[in-house]
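Engineer: Here is what each chain is made of, one letter per residue.
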Amino acid sequence: MASNVSSVYIHVVDDVINKVRDEFINFGVGENVLTELQALWEMKMLQCGAISGTIERPPPVQKPAAPITPVHDLNVPYEGPAEEYETPTAEMLFPPTPLQTPIQTPLPGTDQSMYNIPTGPSDYAPSPTTDIRNGVDLKAGRPSPYMQPPSSWMTQRPLGVDVNVAYVEGRDEVDRGASDQPMTQDFFMISSGKRKRDDYASQLTSGGYMPQQDGSGDVMIEFLLPENQPKEVQESMPGRDRETAIKILSKRETEAAPVLPQQDGVNDEYDDLFHFQGVANEDYNTPAEHVELRAATPAVGTPKPAKHEAVEDDEPPLNEDDDDDDDLDDLENGEEELNTQDLVLAQFDKVTRTKSRWKCTLKDGIMHINSRDILFNKATGEFEF
Amino acid sequence: MATFELYRRSSIGMCLTETLDEMVSNGTLSPELAIQVLVQFDKSMTEALEAQVKSKVSIKGHLHTYRFCDNVWTFILQDATFKNEESAETVGKVKIVACDSKLLTQ
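Sequences listed follow chains R and B, in order.
Numbered as in the working numbering, the first sequence ends at 385 without a single skipped number.
Numbered as in the working numbering, the second sequence ends at 1106 without a single skipped number.
Read the hints as simulated data drawn from the structure, not as lab findings.
Chain R stretches covered by chain B per the calculated footprint, using a threshold of three residues with CB under 8 Å from any CB of chain B:
no.: 1; stretch: 8–14
no.: 2; stretch: 17–23
no.: 3; stretch: 26–36
no.: 4; stretch: 348–355
no.: 5; stretch: 371–383
Derived pair list, reagent style DSS-like, types lysine-lysine, alpha-carbon separation capped at 25 Å:
no.: 6; chain 1: B; residue 1: LYS1093; chain 2: R; residue 2: LYS350
no.: 7; chain 1: B; residue 1: LYS1056; chain 2: R; residue 2: LYS378
no.: 8; chain 1: B; residue 1: LYS1054; chain 2: R; residue 2: LYS350
These numbers were taken from a predicted model, which means no experiment stands behind them.
Heads up, the beta-carbon is just placed ideally off N, CA and C, and yes, glycines get one too.
This is chain R alone, in the form it adopts within the complex (with noise of 0.2 Å):
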């Protein structure tokens, strides 16, 4: 009967009240935090429906509009036996013993427990025993910013997690990519960039066989170092991209240009496109990758293969359709939600099999099946696989 389920959530509603009564006057918080506590609790629960309104105890909490101090029904019997959960005769108790009266300050304690409150879900935010809640906790150990409020320091819902926890990831992988590329930047400028189309500007007037540095002609920037310096860029690459770079070196030579529109290198409009491959991305990745693209590719090739594979090799195809099936996808729906499908939490005594049948005895459980909630001692399973 619903109010037999009403009156045991009753009970273990005022033993834990009970039970904790003691810790919280032990860290200093009022007995008015704990009376508040309970009265929201119970308002929660007949909110959905798990106690029934008729409540036979004399603190009220039907009325949800009082929850720090219930008022006192005065329909209700007054000899009831929780004359003590009563609040206004406990605070008339409680002011006049002496040890009560550090707990009526409590403004110096909350601000004190409001500083800590930031530090506070990260000491806990992974909850050791999460091991029960097999779908849901798969994020359990992120912890998240503790100013959203229901996910902050139990990290129990799964779709506030989730959002927060792709959120951060998707951050974190486009700054490091992001990062990648100005850092190899910096390096390749500092060794062979910019420094050496500032030397080849003034030269490029001279006329003279000066390999292109920019303009069209710039996607094989990486080889086309200097020429006094050629055998570095000869010993770091492969013997067979070496004849490549060769070649194109000595066609460089012949169409260089003082002018020439360029159409790519900082300029190209490829930036727009790709943003996360950072700026002029052709030039300053590692030369073997580049090497190896332009062997595929015709010497005055466009950079955009280029450009495709990288943007492949950091994002490859997630592939997130490849398993999808009618049955997994309804299962992994409906094991999300937890809170909107039928549950039974119990414990188990024994789980056997005999080829597809499965029994197993359980006790002490909860069940909520169609919006109801049923309390047993002892069920018996018989299913069949």
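Following the hints, complete the assembly by docking chain B onto the known chain R.
Structural biologist: The following block gives chain B in isolation, referenced to the frame of chain R:
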């Protein structure tokens, strides 16, 4: 003493968790104290189920999924029937999570 946090997923447990969440968020309660409350809830709930509840239920259905991990059985049943002395309920899909009762008594 270790407790089963299992019952925190029930209606009463979720209500308590939400209440504690709110109170910690607005600074009324410290997180350490909130954990203490939850641990006490685990104990009280377990005791109440043992002592105060006397009903027996039988469950039948098609087992869609079974999982045993960290000493916890998880079953997902389809078209299950729950019978007790007073009523019978049928559900299309239900999840059963069961912890090992022997772990508490060790």
